[in-house]
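> Here is how the chains run, residue by residue.
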Amino acid sequence: MHVDWFPLWLSLEVATAATLISLALGLWLAWLLANRDFPGKNFVDAITTLPLALPPTVLGYYLLVVIGRSSWIGRAWEAVTGTSLVFTWRAAVIASTLHAIPLLIKSSRAALESVDVACERAGRSLGASEWRLFWRVSLPLARRPIAAAAVLAFARSLGDFGATLMIAGDIPGRTQTAAIAIFDAVESGNTLAARVLVIVISILTAAVVLLANGLEKRRVSR
Amino acid sequence: MLRATLTKRFPAGPESAGFTLSVELEAAPGVTVLYGPSGSGKTLTLDTIAGFISADSGRILLNDRILYDSGAQVHLPPRDRNCGYVFQNYSLFPHMTVRANLAFAAHRLARLERHRRIAELLDRFRIADLAGRYPHELSGGQKQRASIARALIADPGVLLLDEPANGLDATLRDDLHSLILEIRQSVTIPIMLVTHNPEECFVLADQVLIYDGGTILHRAAPAELLRNPASAAVARLLGGFNIYEAEAIALDPGRQTSRLRMLDTEIDGPNLRGCFRGDRVTLCARPEELRIATRPGANRVRADLVRVTERPQSIRADFGKDLIVDTPRPEWPALREAGERDGWWVELPASSLRQIARSSSTSE
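Order-wise, the sequence lines are chains A and B. Take 108 as the starting number for the first sequence in the numbering used here and just add one per residue. Take 197 as the starting number for the second sequence in the numbering used here and just add one per residue.
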């Protein structure tokens, strides 16, 4: 029998990249939402939640509009790199990031907001800048729930189907992620390949969820 | 020297009454105690000085440096105010050792200087052997010391302590008091301490600010406060005063005496200032200044013993009607025997009665 492992590796790579981007961007947004009052805060809050609620294909469509070859972002990307952004693994990363980031923002914001205010005040009165305070006090104190959220974000990135299909397409050996490969395999009657991928993905996801739960629990018992 | 004029208004919400802080204060090097009931604005004052909460208007000056000035739009962030703040629950960073906590606060110092300073403070606050421990491995008193050391490490211009004795038992409280007095000796910065324990006013303070309902009712040295609490409101807040309403029925400024009708009887009183015959006056006397008697006499009123409380240094007898008397322990057994046989009187010596303002006016 022959099982093509490429989609699985691609999925893992895409999910890793998406998680890292989500972490960087999501932590920043979460910090902003937790610590700052600014005009349009509710709007930012709503916008960052939207990907969670929208059907993935709708999300994918919007992405096509925003980063497609005829959009200015798409054109700028092509002008700089010489390749198009859509229908590449990079587009899959963008789709997965968008899929994963709402949860991460929500959990991280809650985690940052639950950090003892007095500790943060202590840090500030001891002369720490907001940057230093974040890295030395707030983040270490909120690290467990944030790590748990990052792990779940990884799981979500791993599973994205609709948005990825819309903007990265289903190009075997290039943009075909595990979720899409499973769909393809079932469609074409390749039950064996579908089963293997399903089992591997299930085990992976179960492990990830266990890890996330463990992280959450240790936080509670501390 | 710290000078502050502050107003801060919290509008009434659906579940809370409105609150307005409006204070003007000065704190010289030494201990200034902010005393008053919960919710009177003491901690809010500290938080506004430290910059955690911004005032609506006013001005805060620390050694001629402007920390806040609503007119000039100056509002330094907490990190630039150089205020050492000791929080009620210490707020040591739980994920750092004691040494790391101190190092965090000393990060602006050069490396060598930083190590020297950390070692110095660890030593001074007797926590050198705890330097490698995490806050959850420390006792309450040790956390307290670490937290004060951390607040002092960067040579702040003022030390702010928010109810530092809260939750400490009597022994630790005494330790804390000596520690604060030690600090007072060694650093020449204003130390501002919030408490609702009157004892701390008298043990620690060079100056006491009496807070009530968002304003400072009275400011005085503690000894002065005991001698003359200035107004009925201050006397009530401090507690431990018997407060009387009386009518001046005769005045003799020449002999510095007066005649008062109070407690349904007539007694000799002290010289009353700014008062005419027939005026109502408010007077106070401390429990240890009154005396228990077992036969009638001058300035004695008949009383019924309501309750007896044992206190560390004395016996407190409560005769109702604001007749609370502290008697030295050795005298009590004989008094009790005689009193139960012959009846009780309370003597209010004219010198113990002090005229105070009836309303809650501020005395400057």
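Keep in mind that the hints were calculated from the coordinates and are not lab data. Keep in mind that a hint or two might mislead.
[Claimed, not checked] One-sided and incomplete, this derived list gives chain B residues near chain A with beta-carbon spacing under 8 Å:
id, residue
1, 214
2, 248
3, 285
Keep in mind that this is a model prediction, so the values were computed, not measured. Heads up, the beta-carbon is just placed ideally off N, CA and C, and yes, glycines get one too.
> Now tell me if each hint is right for this structure.
Results for each hint:
1. At about 22 Å, the closest approach between the beta carbon of residue 214(B) and any beta carbon in chain A exceeds 8 Å, and the interface hint on this residue is violated.
2. A hinted interface residue such as residue 248(B) counts as satisfied when its beta carbon comes closer than 8 Å to some beta carbon of chain A; here the least separation is about 5 Å, so the hint holds.
3. Hint on residue 285(B) holds. Least Cβ distance to chain A is approximately 6 Å, under the 8 Å limit.
The structure is inconsistent with hint 1 alone, although it conforms to all the rest.
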